[in-house]
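J.: One-letter residues, chain by chain:
Protein chains: 2
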Amino acid sequence: MQTLHVELGERRYPIFIGSHLPVQECLAPYIKGRQVMIVSNTTVAPLYMAGYQDALEHAGKQVMTCILPDGEAYKNIDTLNLIFDALLAARFNRDCTVLALGGGVIGDMAGFAAASFQRGVDFVQVPTTLLSQVDSSVGGKTGINHPLGKNMIGAFKQPSVVMADMAQLDTLADRELSAGLAEIIKYALLGDQDFLVWLEAHMEQLVARDANLLAEAVYRSCAHKARIVAADEHEHGDRALLNLGHTFGHAIEAYLGYGEWLHGEAVAAGMVMAADLSCRMGWINAADVNRVRQIIARAHLPTVCPAIPVEQFMALMAQDKKVLAGQLRLILLKQVGQAVISRDATPELIWETIAACQQPAHPVGEQNA
Amino acid sequence: MQTLHVELGERRYPIFIGSHLPVQECLAPYIKGRQVMIVSNTTVAPLYMAGYQDALEHAGKQVMTCILPDGEAYKNIDTLNLIFDALLAARFNRDCTVLALGGGVIGDMAGFAAASFQRGVDFVQVPTTLLSQVDSSVGGKTGINHPLGKNMIGAFKQPSVVMADMAQLDTLADRELSAGLAEIIKYALLGDQDFLVWLEAHMEQLVARDANLLAEAVYRSCAHKARIVAADEHEHGDRALLNLGHTFGHAIEAYLGYGEWLHGEAVAAGMVMAADLSCRMGWINAADVNRVRQIIARAHLPTVCPAIPVEQFMALMAQDKKVLAGQLRLILLKQVGQAVISRDATPELIWETIAACQQPAHPVGEQNA
Ligand SMILES: NC(=O)c1ccc[n+]([C@@H]2O[C@H](COP(=O)([O-])OP(=O)(O)OC[C@H]3O[C@@H](n4cnc5c(N)ncnc54)[C@H](O)[C@@H]3O)[C@@H](O)[C@H]2O)c1
Ligand SMILES: NC(=O)c1ccc[n+]([C@@H]2O[C@H](COP(=O)([O-])OP(=O)(O)OC[C@H]3O[C@@H](n4cnc5c(N)ncnc54)[C@H](O)[C@@H]3O)[C@@H](O)[C@H]2O)c1
Ligand SMILES: [Zn+2]
Ligand SMILES: [Zn+2]
Numbered sequence: 001m002q003t004l005h006v007e008l009g010e011r012r013y014p015i016f017i018g019s020h021l022p023v024q025e026c027l028a029p030y031i032k033g034r035q036v037m038i039v040s041n042t043t044v045a046p047l048y049m050a051g052y053q054d055a056l057e058h059a060g061k062q063v064m065t066c067i068l069p070d071g072e073a074y075k076n077i078d079t080l081n082l083i084f085d086a087l088l089a090a091r092f093n094r095d096c097t098v099l100a101l102g103g104g105v106i107g108d109m110a111g112f113a114a115a116s117f118q119r120g121v122d123f124v125q126v127p128t129t130l131l132s133q134v135d136s137s138v139g140g141k142t143g144i145n146h147p148l149g150k151n152m153i154g155a156f157k158q159p160s161v162v163m164a165d166m167a168q169l170d171t172l173a174d175r176e177l178s179a180g181l182a183e184i185i186k187y188a189l190l191g192d193q194d195f196l197v198w199l200e201a202h203m204e205q206l207v208a209r210d211a212n213l214l215a216e217a218v219y220r221s222c223a224h225k226a227r228i229v230a231a232d233e234h235e236h237g238d239r240a241l242l243n244l245g246h247t248f249g250h251a252i253e254a255y256l257g258y259g260e261w262l263h264g265e266a267v268a269a270g271m272v273m274a275a276d277l278s279c280r281m282g283w284i285n286a287a288d289v290n291r292v293r294q295i296i297a298r299a300h301l302p303t304v305c306p307a308i309p310v311e312q313f314m315a316l317m318a319q320d321k322k323v324l325a326g327q328l329r330l331i332l333l334k335q336v337g338q339a340v341i342s343r344d345a346t347p348e349l350i351w352e353t354i355a356a357c358q359q360p361a362h363p364v365g366e367q368n369a
Numbered sequence: 001m002q003t004l005h006v007e008l009g010e011r012r013y014p015i016f017i018g019s020h021l022p023v024q025e026c027l028a029p030y031i032k033g034r035q036v037m038i039v040s041n042t043t044v045a046p047l048y049m050a051g052y053q054d055a056l057e058h059a060g061k062q063v064m065t066c067i068l069p070d071g072e073a074y075k076n077i078d079t080l081n082l083i084f085d086a087l088l089a090a091r092f093n094r095d096c097t098v099l100a101l102g103g104g105v106i107g108d109m110a111g112f113a114a115a116s117f118q119r120g121v122d123f124v125q126v127p128t129t130l131l132s133q134v135d136s137s138v139g140g141k142t143g144i145n146h147p148l149g150k151n152m153i154g155a156f157k158q159p160s161v162v163m164a165d166m167a168q169l170d171t172l173a174d175r176e177l178s179a180g181l182a183e184i185i186k187y188a189l190l191g192d193q194d195f196l197v198w199l200e201a202h203m204e205q206l207v208a209r210d211a212n213l214l215a216e217a218v219y220r221s222c223a224h225k226a227r228i229v230a231a232d233e234h235e236h237g238d239r240a241l242l243n244l245g246h247t248f249g250h251a252i253e254a255y256l257g258y259g260e261w262l263h264g265e266a267v268a269a270g271m272v273m274a275a276d277l278s279c280r281m282g283w284i285n286a287a288d289v290n291r292v293r294q295i296i297a298r299a300h301l302p303t304v305c306p307a308i309p310v311e312q313f314m315a316l317m318a319q320d321k322k323v324l325a326g327q328l329r330l331i332l333l334k335q336v337g338q339a340v341i342s343r344d345a346t347p348e349l350i351w352e353t354i355a356a357c358q359q360p361a362h363p364v365g366e367q368n369a
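Chains as they are written, first to last, in the UniProt record's numbering: chain A, 1 to 369; chain B, 1 to 369.
No lab work stands behind these hints, which were simulated from the structure alone. Heads up, some of the hints might be wrong.
[As the list claims (entries may be wrong)] These stretches of chain B come out as covered by chain A in the derived footprint (C-beta under 8 Å, 3 or more residues): (1) 82–90; (2) 113–127; (3) 152–158.
Glycine included, every Cβ here is placed at the ideal spot set by N, Cα and C.
For reference, chain A alone in the conformation it holds in the complex:
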């Protein structure tokens, strides 16, 4: 078991990372009140909920559960309200704790419910997808979607503890595992060459779900996110680096319709595009781009984007919120392992990158979508 502390002053909290983690040790001591509401979904609850419920009841807690429908489509205000219904039907008070057991969708909704119930109760996170383990467990963002925009309504809510159990990843779909690997690769590309070398040495074992190696990858990823978030809590500067591959990726997601490609898949292709553009700007060379492409392909992720008319692709990129005062702000690679925020890419170069990275135009087609 590894422990990482997210340093937030008073709100400092531990992330426990390992396999078959003991609830009595990792969770129970961090839950102050007696009442615990486990929020999960119809896929995850049958797999893992009973274990948590039993262990917490043995620890003297009054445990109630709230099982939501599964899917991003349910990450909305109506489903959120089901959590409030459950909390109030159980007559839970201000000293209760909301425990999220599931992927990012459950974590985001349960976290927002914890932030809002009685104007804020305790929150504990058990992320069960690789993506939620390396991404949503650090940063405190919670929320729901609105028909007119993703994650438009929410709150910042820090958990009291996060428990990331690699054993639970065994039941995760292959595509979901790869989507999580995309964000892991992102941390390496944006700021940690050593980590990239390590990933290059172990990618096949990670794909095969070696629990020890996954734990190491999660630990390093969370450490990176924690460091970046702590340095820039209010999201003005370096935190933007976490969006490597995301402006391209969001354009792909928006074009295909959300849900067609997984977010991590779109980000994977987006990172190749960011590398390609960085090469066109003269910052990295073709071998570097190929290195990026290789590690992404070995994670069973797409390295080319779908065929999208270039003009439309550029319009979609401009809609992404990282446009400041009309100038496209992109995260690019000064070198592999060092990302920068740049407004220097010309529309012409961006155009060339989009044209070059599309499915038909490109020979390397390891994409799995």
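Add chain B with the ligands to chain A, keeping to what the hints say.
T.: Structure of chain B with the ligands alone, referenced to chain A:
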């Protein structure tokens, strides 16, 4: 015009109090972004919204409006969502400001929307009822009701500025004005004898809506709340004093069904009951109780509670959240002008108070409900 600053460190904000306050001076300079969403209701909007909209547009703002149905019955998640709909339909971004124009219902909903939209945007409050001017403009509580409980879902959200305009009280219903006076009297009774003497000198003029005197009463009330809240941001100690009359009052509201008596009316009768109980405990004398009763009657507020079986009344009090570990925690008067938190009232004395303060049993019946 008077200005009171609520001292919250970084989040320090001014409350402007006066008549026909200039929007250009009191509001516009405190709105950082360009986009302003005025949230109001079908009663208040036709009376006052155009003035704000025009003035803010002249100050260069892009103003959109969101008019909600009027009433506590609409203070729920569905109506809240209408504010998000409006913000997103207008394509408002993170730099926008939500402006609440209305009573406490609008303030609570618009404030929660501001706290949650894009995880928090700026918030400005123009309270248009006396109650919201003296109560919800300080403290930062926002939220909505749930079928199973009032104000169960919400956030702490401090405004950037509050503007309390006495001229707007001219259109307020008499009962609503009196309900606001109940909370004003509360501040005097719980901690300010001088203010009580002042209220005793001016109550008829306040009821007649003398704007200067109302402004003075609002100023003093907000100053009291600001002081108490600042000393106890997390609601563990002295902040409970603000609940003088409220445990009795909530029992009345719960018995009658919310909406039958106004909150301020129930609190008024509750304050007489708290005084009666304080007298039975030997802390104040019968003349003191009568003094409390008089000032409340002169504000056209009820001084006796409805006929409720005493046992049921006590059960309803016990349901109020101010019960800690089974012991009823009440706010009582050590003297008129000095409230304390006490667990010393015996069930027998509480019983006597309830029996003595009921409508049929009591000769003083100035109640207006
Ligand atoms: N708060 C943040 O900082 C943050 C960061 C990144 C993403 N997110 C959000 O997270 C969401 C995506 O999260 P996600 O990728 O975890 O998706 P998800 O929560 O939808 O999970 C993906 C699928 O895997 C299933 N699943 C989860 N754990 C499983 C397990 N152990 N075994 C078998 N199946 C399992 C889920 O039921 C779901 O069907 C998005 O809504 C995104 O906005 C939030
Ligand atoms: N956030 C806080 O700290 C806090 C404190 C106290 C009360 N509250 C909440 O405030 C609400 C009660 O507030 P309220 O008493 O202002 O009730 P309200 O907002 O319902 O207003 C009362 C009535 O007066 C109307 N009205 C408002 N201003 C008017 C004007 N200038 N002229 C004519 N009519 C006008 C309203 O449309 C409504 O019909 C409750 O929901 C309560 O929970 C919140
Ligand atoms: Zn991402
Ligand atoms: Zn009150």
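J.: None of the hints should be skipped; say for each whether it holds.
T.: Consistency of the hints with the structure:
Requiring three or more residues with a Cβ within less than 8 Å of a Cβ of chain A, the coverage given for the segment 82–90 of chain B holds, as 4 such residues are present. For the segment 113–127 of chain B, the assignment as covered by chain A holds, since 6 residues bring a beta-carbon within under 8 Å of that chain's beta-carbons and 3 suffice. Counting residues of the segment 152–158 of chain B whose CB falls under 8 Å from any CB of chain A gives 5; the rule of at least 3 is met.
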